[in-house]
Amino acid sequence: MADNELIWRIAGGSGDGIASTSQNFAKALMRAGLHVFTHRHYPSRIRGGHTYVEVRASADPVKSRGDGYNFLLALGDSFARNPQDEAYYGNEEIKPLSENLDELREGGVIIYDEGLVDTDDIPDFDERVEENDWHVYPLDLRGLAREQGREVMRNTAGVGATCAITGIKLEWIEELMRDAMPEKILEPNLEILETAYDSVQEEYDTDAPDIDLPEGEHDEDQLLMSGSDAIAYGAIDEGCRFIAGYPMTPWTEVFTIMSKNLPELGGISEQVEDEIAAAALAIGASHAGAKAMSGSSGGGFALMGEPLGLAEMTETPLVLIEAMRAGPSTGMPTKPEQADLEHVLYTSQGDSQRVVFAPGTVQEAYDHARKAFEVAYDYQIPTIVLYDQKLSGELTNVPESHFDRDPNPGMGKTLTEAELEDQPHTDDGQFHRFQHDVEDGVTPRSVPGQKGGRYLATGNEHNPAGHIAEAPDNRIAQMDRRSQKLAAIRENLDSDSLLSEHGPDEADYGILTFGSQQGTVEEAVDRLNDGGTSVKLLTVGELMPYPREQVAEFIESVDEVLVVEMNASAQFRGLTQKELGQYGEKLSSLLKYNGNPFEPREIVEGFETNIVAGEGDSPDHQTKFVPPAEDAGASAAGD
Amino acid sequence: MSAFSAIGEEREIDREEYTPAIEPQPTWCPGCGDFGVLKSLKQALPEVGRSPDETLLVTGIGCSGKLNSYLDSYGFHTIHGRSLPVARAAKLANPDLEVIAAGGDGDGYGIGGNHFMHTARENHDMTYIVFNNEIFGLTKGQTSPTSPKGHKSKTQPHGSAKTPIRPLSLSLTSGASFVARTAAVNPNQARDILAQAMEHDGFAHIDFLTQCPTWNKDARQYVPYTDINESDDYDFDPTDRAEAQRLMRETEDKLYEGEVLTGVYYREDDRPSYGQEKRDIGEMPDEALAERYFDDDYEWERSYDMFIDKHK
Ligand SMILES: Cc1ncc(C[n+]2csc(CCOP(=O)(O)OP(=O)(O)O)c2C)c(N)n1
Ligand code: SF4
Ligand SMILES: [Mg+2]
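Residue numbers (full-length UniProt numbering), protein chains in the order written: chain A, 1 to 639; chain B, 1 to 312.
Quick caveat, the hints were computed from the structure, so don't treat them as lab data. As the structure is a prediction and not an experimental result, all values here were calculated from the model. Any given hint could turn out to be false.
Said to hold, decoys possible - Below 25 Å or equal to it, Euclidean Cα-Cα: the simulated SDA-like pairs (lysine to any residue) are:
#	chain 1	residue 1	chain 2	residue 2
1	B	Lys39	A	Glu253
2	A	Lys451	B	Arg11
3	B	Lys254	B	Arg166
4	A	Lys451	A	Asp427
5	A	Lys260	B	Glu299
6	B	Lys310	A	Gly216
7	B	Lys42	A	Gly216
8	A	Lys260	A	Pro399
9	B	Lys140	B	His151
10	A	Lys184	A	Ser20
11	A	Lys169	A	Asp274
12	B	Lys140	B	Cys29
13	B	Lys310	A	Asp428
14	B	Lys310	A	Asp427
To be verified - Heads up, incomplete: computed chain B residues facing chain A, CB under 7 Å, no partners named:
#	residue
15	Gly49
16	Pro52
17	Pro85
18	Glu283
Backbone N, C-alpha and C fix where the C-beta goes; we use that ideal spot for every residue, glycine too.
All chains, please: the whole structure from these sequences, using the hints.
Given below as structure tokens:
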């Protein structure tokens, strides 16, 4: 194994502590100067079922999961058998080993827990080891852990063994354990880490596999963060101090982080009865003068459709997060997908409007969350940050300096009482909250409790004082004014673009993508260019109002464009065609909807086969190629 | 200094302040019970000393939701069934406001029933008025959750097969700390009950019987009525939950037998409101959150200073 990167996969049962072990491992490598990226895979249940996390580490920046992996720590599934409750799950306990073999690279390393896993139960195991030149280290991890009194510590034993084989310094791990673990479990963990390390060194010739642990150094301090962390911090730095929500994977992550942190900031978090209430609470708090948010995943977001329209019609600033997972319906709750795009763009009745952001990286998650608040409060319109299970859970290192920013508690055109006095009022003192002719369509707002600011906010069409009114001229004036906002927001976004380009300035081909695919596609683009294919990438992070000019310019500048997205109906390509009204013949799609994010090689192969060679077939059955279609109609799926 | 100078002003308030100078044309039918709610509310608000600029009236959709058009205050006319979640968040963001939610029986006991249950259990400090006309008024007379069993309407041509909901019992069981019923035909009692409800520190639910002469022609005008707190026939202590429960059941049954009982059924004055409970566990600031955004001296916290160490 002479890879210049380590992709370490730790596999076990759900509930075996895989997540925290892998997080600590990633952080230790980050502290040691490496770039890291984690990818997790887990089923939607608490106990039992096979789960893994990959930690990819390299001297160069890593933005994506890799192609397969090269180091497996198979713990066995300790929850697979539960004789007390007479619950048996067949031979589940070997799955952390047996189910992870397909993606292990040639020359890769396997450590497995011989206390739990018997390789005789795995068909052709020895033959496969031979064929693939794998290096196998059976270790009684469970036994080691039992000696120290706690079976869950077999994770730590596995990490110790990993260090012995890869040359990762034990002190990196120890330092991290000291920071992360409570006193009473620290000592036995340190002990087991060393015992495992020593026993591997004694038992095996650890020089055998040719593992060059990459060495690196960061030029500035780094943080290990997920997209969900970054969204929460972006919201906090924009002065958001109110959140209402109802748990749903993966949205729960942002909700949890906010709920944990808000009390310290004098903020308020509310877990409520359902998502209709959650969105309505955010609206109520915003109306009363707080910066507020809510959010959900697909199903919960569906319940928010009507409140979303209410916020738009009453011009109440509102920020919602939509953390996508694989649908339809309950779908695959813990798997990533980007199939809620149209749902988010078009839900809610009438000509309702909203602004939609789609961050592609952890840094962007922070930036977009901030922008979402800024736009919502400056333009009094609902904004949505659309991301997914992938960006939500991936951890990666980001420069600390990115977060060293000034807070912005500003509320746009929200008036003080002194300012209110100069505003138009009706004779009886009712404030004209919804004036017809104002710059950018944004009309100043008052807040309940302010003297002289009272008005009616209503989801019905209304006159300047807010009262229900159906006269045609007023209707046109109000509709036109509200519609003006999107154009103004487009101009604002153009001056401070969230679009991200990658690759050479000039190229023969283009790839277009949105949201969380960014890092993986960037890696694929680098490889394509290294291999002599001239291709550049545009990742679109602003989906509504759509950056028509920039995308059109990009498409014009290349011969052909492949649109990469994680859904089955090519929704982003459909949006692009609808917004631009042309270029249909230039856009083809590479889609993936099997529940796993793209690997870089899938995009490289898809591009080479379909675009460069023009064969028009999917290179493997896990992705799907859809050739160009006519422009007519909004459906771009080509059938 | 407060950014909201309308709040806590010590001054006499005239009930006419609540009448819009340019009164919109009424959309309520002649004889509609909704007029009675408006009238008693306009009397009760000055009585408790709250002015239009410190009052937020949050309504649902229905004939009842039009209340905002005739009561001049801060208002939020929301969507069908959702007045409560909007109202309670406004109260959390600015507890100094007088927050009143209002809507119909369909709005509150049907489509918004889940919010009713939860707002009651959480005991938010607000007043909730349900205009109970035992019918869907605005959509032209369909059966509502409080329509009597057997009630015929266009959507239940053979008469409703459903037993009506028990609004008072539901409220009590859910956790409301003040439960009353009054009727539009009794404006003096209504005013008193509304004033008590607003002064009550917790969730005060008033089932307000409002006759709908247009769609509920066979329905009672809710006369004659008996005030259980006044009548000698009822020796009754509204702080006694068991008694309240029994009398609520009786009241709900008797309504459908043609006898109208009204009054304050239950009050629990020593139970802390939700805002207090949240403050006690450190999950809500002492000063109204809404004030902070107007405070130029406030030092806004940064995630960089507070939370990123654990990512290092
Ligand atoms: C989500 C939704 N469903 C249905 C309606 C139609 N609708 C408006 S008011 C109403 C019922 C009104 O009955 P009630 O709440 O008792 O109020 P009332 O008119 O009797 O005061 C209905 C069904 C709506 N506006 N929104
Ligand atoms: S329909 Fe009934 S409830 Fe509606 S305004 Fe007329 S009388 Fe009142
Ligand atoms: Mg009704």
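key: Distance restraint between B/Lys310 and A/Gly216, which requires alpha-carbon spacing of 25 Å or less   = It holds: about 22 Å lies between the C-alpha atoms, which stays within 25 Å.
message = A closest beta-carbon separation below 7 Å is what the hint needs, so does B/Pro85 meet it against chain A?
response = Because about 4 Å separates B/Pro85 from the closest Cβ in chain A, which is inside the 7 Å limit, the hint holds.
key: Restraint outcome when B/Glu283 is required to lie within 7 Å of chain A by C-beta distance   = Where the cut-off is 7 Å and the nearest Cβ of chain A is about 5 Å from B/Glu283, the hint holds.
query = Does B/Cys29 lie within 25 Å of B/Lys140 when you go C-alpha to C-alpha?
reply = holds, 12 Å
message = Between the alpha carbons of A/Lys184 and A/Ser20, is the straight-line distance 25 Å or under?
response = Since the Cα atoms of A/Lys184 and A/Ser20 sit roughly 17 Å apart, the hinted pair holds (cutoff 25 Å).
request  = Take a quick look at whether A/Lys451 and A/Asp427 sit within 25 Å of each other, Cα to Cα.
outcome  = holds, 15 Å
Restraint check for A/Lys260 with A/Pro399, where alpha carbons must lie at most 25 Å apart = holds, 24 Å
Hint status (Cβ of B/Pro52 to nearest Cβ of chain A, threshold 7 Å) = holds, 6 Å
key: Hinted pair B/Lys39 and A/Glu253, Cα distance within 25 Å   = Status violated; Cα separation ~48 Å.
Pair hint A/Lys451 and B/Arg11, alpha-carbon separation not exceeding 25 Å = holds, 14 Å
ask   = Would the pair A/Lys260 and B/Glu299 pass a check requiring their Cα atoms to be no farther apart than 25 Å?
value = holds, 20 Å
ask   = Holds or violated: is there a CB of chain A closer than 7 Å to the CB of B/Gly49?
value = Interface hint status for B/Gly49: violated (15 Å vs cutoff 7 Å).
Violated hints, in rising order: 1, 7, 11, 13, 14, 15; the structure is consistent with all others.
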